[in-house]
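Enquirer: If you read the sequences in order, they're chains A and B. The first sequence begins at 0 in numbering that gives the first Met the number 0 and counts up one residue at a time. The second sequence begins at 0 in numbering that gives the first Met the number 0 and counts up one residue at a time.
Hints were generated in silico from the structure; no laboratory data involved. The C-beta atom is built at its ideal place from N, Cα and C for all residues, glycine as well. Each hint should be verified, as a subset may be incorrect.
[Stated by the list, open to error] Covered, in the sense of this in silico footprint (three residues per stretch, anywhere, with C-beta under 8 Å from a C-beta of chain B), are these stretches of chain A:
#	region
1	23 to 31
2	39 to 51
3	58 to 64
4	68 to 80
5	86 to 92
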Amino acid sequence: MQVTLKSFANIKDVIGQSTKCIELAPGAKLSDLFTYLNREYGEKFNRQVTDQISGKLVPFLILINEKTFRSTTDMETLLNEGDTVTIMIPFDGG
Amino acid sequence: MDGNNFIYKGYIGKMLRINLTNGSWSDVPLTNELAEKYIGGAGMAARILYDELKPGIDPLSPDNKVIFLTGPVEGTMIPTSCRIGCYAKSPLTNSFFHSSAGGHFGPELKFAGYDGIIFEGRSKKPVYLFIDNGLVELRDAAHLWGLDSNTTQHRMFEELGSDEIQIASIGPAGEKLVRFACIICGSRALGRGGLGAVLGSKNVKAVAVRGHHSVDVPDIRKIKMFLEDLYARFSANPSTAEILPRYGTPVLVNANNTLGLFGYHNWQDEYNPESERLSGETMRKKIVKRDKSCYACPARCGKFSIVESVSVEGCCVEGPEYEDIFSLGSMCGHSDIEIVAAAERLCDDIGLDAIEAGVAIAFAMECYQRKLLTDKQTDGMQLDFGRSDLIIPMIKKIGMREGYLGDVLAEGVKRASEKIGKGSGQFAMQNKGLTYPGHSARGMPGFALGYATGPRGASHHDGRPTGERTGLVQRDTIEGKGEYTARINHLNILTDSMIVCHLPEAIWGPLDITDTLVRCINTTTGMDLNLENARLTAERIWNLIRAFGVREGYRREHDTLAPRFMEEPIKTGPSKDMVISREMLDYMLDQYYEFRGWDKKTGIPTREKLQELGLTDIADDLDAYR
Ligand code: SF4
């Protein structure tokens with residue numbers, strides 16, 4: 000199944016483009032998408048979303064189409080063919 | 000005074016009190032009680048000003064006082080121990096105000112031999128203060144009066160024979176008592192609340208500091224071990240290690256706009272279709288030349304930019320920050336990042352808070368859109384949204400109080416809307432006199448409550464948007480937001496008293512005071528705080544500041560939002576239809592007062608609560624206002 004990944008700022012810098020089509024196994028969850036990104040882009044991607052001491056994802060929002068999900072609680076959410084997933088930058092401050 | 004018995008490290012142990020009316024000064028020793036109960040920075044200044052200012056005084060009269068103050072961590076190697084705080088009764092909000100800036104001024108003030116400075120009275124002539132390694136001099140500043148803040152600093156470097164001096168200066172806006180005049184420290188701003196106007200009202204042009212004192216800590220080995228751990232955490236966290244260093248705060252342009260939470264056209268909407276052109280990414284590509292850091296900060300979020308376009312050639316600026324892009328760009332409906340950068344530099348030079356300036360221009364644009372301003376009142380300018388060419392002329396008019404509109408807007412959006420009338424209060428985007436910065440109220444209920452209850456008005460550093468924006472807590476609910484907001488208040492006021500920068504809040508909190516902050520205080524001062532009494536200290540300071548507001552007339556009915564945020568849902572984008580109705584706000588206010596132990600009807604802290612916090616004298620004072 001195919002999903003479209005949208006990103007910006009540091010995550011876009013790692014992926015190299017703001018919109019990218021990604022092939023995942025049917026029944027894939029959000030966590031599978033992140034496993035794919037970690038495998039594909041390695042430490043460079045991991046450093047943008049994961050605390051390097053605890054090894055855990057830091058809090059950020061993820062949009063599936065226009066609906067909001069949370070990295071802290073919603074990683075088991077199922078993805079569907081044709082979904083657009085936008086990873087919000089994990090940014091505190093401002 | 001028990002100054003001779005002052006036992007804590009981290010502090011220098013004394014402040015400098017300057018009587019501008021008679022040109023005298025004296026040292027004021029810090030007391031153990033002041034340090035223990037209020038830590039430093041905002042907490043200590045709030046106590047001093049509560050005790051020394053009579054309620055009801057005019058903020059621009061000699062009766063007001065201005066305090067510059069550091070906290071115990073400044074000048075150590077605690078990350079972000081770079082801050083200088085400035086405190087006074089604000090001419091915008093008529094209550095206690097605190098603003099802090101990064102850079103290098105704070106540590107240098109301590110190296111010069113003082114924790115802080117209290118200015119009182121009014122000088123007959125323009126003066127500047129020079130503290131040179133403990134030696135104090137009040138110097139004539141007639142030749143600097145009228146100069147912009149950047150030229151002022153350069154003239155002073157020449158005059159003092161060195162540029163290894165830290166200077167805080169006002170620009171012409173402070174001299175002309177623009178109610179949102181700021182103070183520029185190097186290239187950073189003590190931005191909000193009009194504290195530059197208070198300094199200007201006292202005829203103080205600048206403060207210069209230089210010195211070689213050291214800041215002692217109780218146990219160097221202990222603090223080193225703690226710092227190793229702390230710096231490792233800064234290096235491990237995506238926000239402080241990757242995002243702040245690369246894009247700084249402007250990364251929020253795309254982030255907030257993607258969520259539909261980016262003020263546009265004076266908050267008529269929160270989705271800007273052209274945000275990409277204003278984004279941190281565009282800025283980095285087009286104008287950023289290098290990264291810059293404050294003293295002792297590994298996050299180095301500052302961006303040094305040069306504008307090369309024809310219209311504003313040769314303009315260099317530290318910034319623009321997210322807030323400048325919001326106010327001087329998106330709010331005014333244009334998307335030219337170079338104009339934003341030049342406008343931000345101009346605000347710094349003239350000495351204006353760039354948030355207030357941009358929001359004031361956006362307010363004038365909406366007045367023009369609704370035909371509430373005549374051509375005569377705008378000096379013939381067609382103030383349409385999107386007119387990027389008018390941003391710079393408008394800043395000059397406001398900063399110099401030129402023409403009807405410049406003079407009216409120089410009073411701040413609240414007073415301007417009262418003067419213009421004709422229903423313009425509906426879209427005057429302010430609370431308690433302070434304009435909203437670039438973080439949505441309608442899309443983040445807990446944060447909206449922070450705006451409503453903020454003792455500084457619409458400040459984004461009383462409540463914080465972070466918990467709801469990052470999904471640490473659920474965004475689309477009002478349940479539990481009373482306690483959520485109160486705990487964030489306490490985190491903010493403790494960090495503002497230490498003083499550390501809020502941007503690495505992932506490390507400090509971000510939802511409550513953590514053991515990390517307690518260890519910062521203990522390892523620098525030798526205090527023996529634990530989490531429980533650190534939280535109590537923060538709550539004490541918060542209640543003290545609330546009491547200051549109560550004396551000035553603030554009550555529950557002032558804990559509100561701009562009518563637009565309560566009556567007009569977001570029109571387009573991913574947060575479409577979100578709004579904070581009066582009922583929602585009331586529900587959250589009840590939760591908030593209940594958690595705080597404040598009277599739900601009036602919003603005044605109860606006697607029991609104040610006594611529990613060791614503020615019996617203030618409970619006695621407030622009896623007259625109940
Ligand atoms: S995070 Fe940015 S503003 Fe804060 S201290 Fe560091 S460089 Fe300065």
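Enquirer: Each hint needs a verdict: does it hold in this structure or not?
Expert: To see whether the hints hold, each was checked on the structure:
1. Taking a C-beta to C-beta cut-off of 8 Å, the region 23 to 31 of chain A contributes 0 residues in contact with chain B, too few for the three needed, and the coverage statement is violated.
2. Restraint check on the region 39 to 51 of chain A versus chain B: 6 residues with Cβ-Cβ distances below 8 Å, three needed, restraint holds.
3. With 4 residues having a Cβ less than 8 Å from any Cβ of chain B, the region 58 to 64 of chain A passes the three-residue criterion, so the hint holds.
4. Residue count for the region 68 to 80 of chain A with a Cβ under 8 Å from a Cβ of chain B: 5. That meets the three needed, and the coverage hint holds.
5. Counting residues of the region 86 to 92 of chain A whose beta-carbon sits less than 8 Å from any beta-carbon of chain B gives 6, enough to reach three: the coverage restraint holds.
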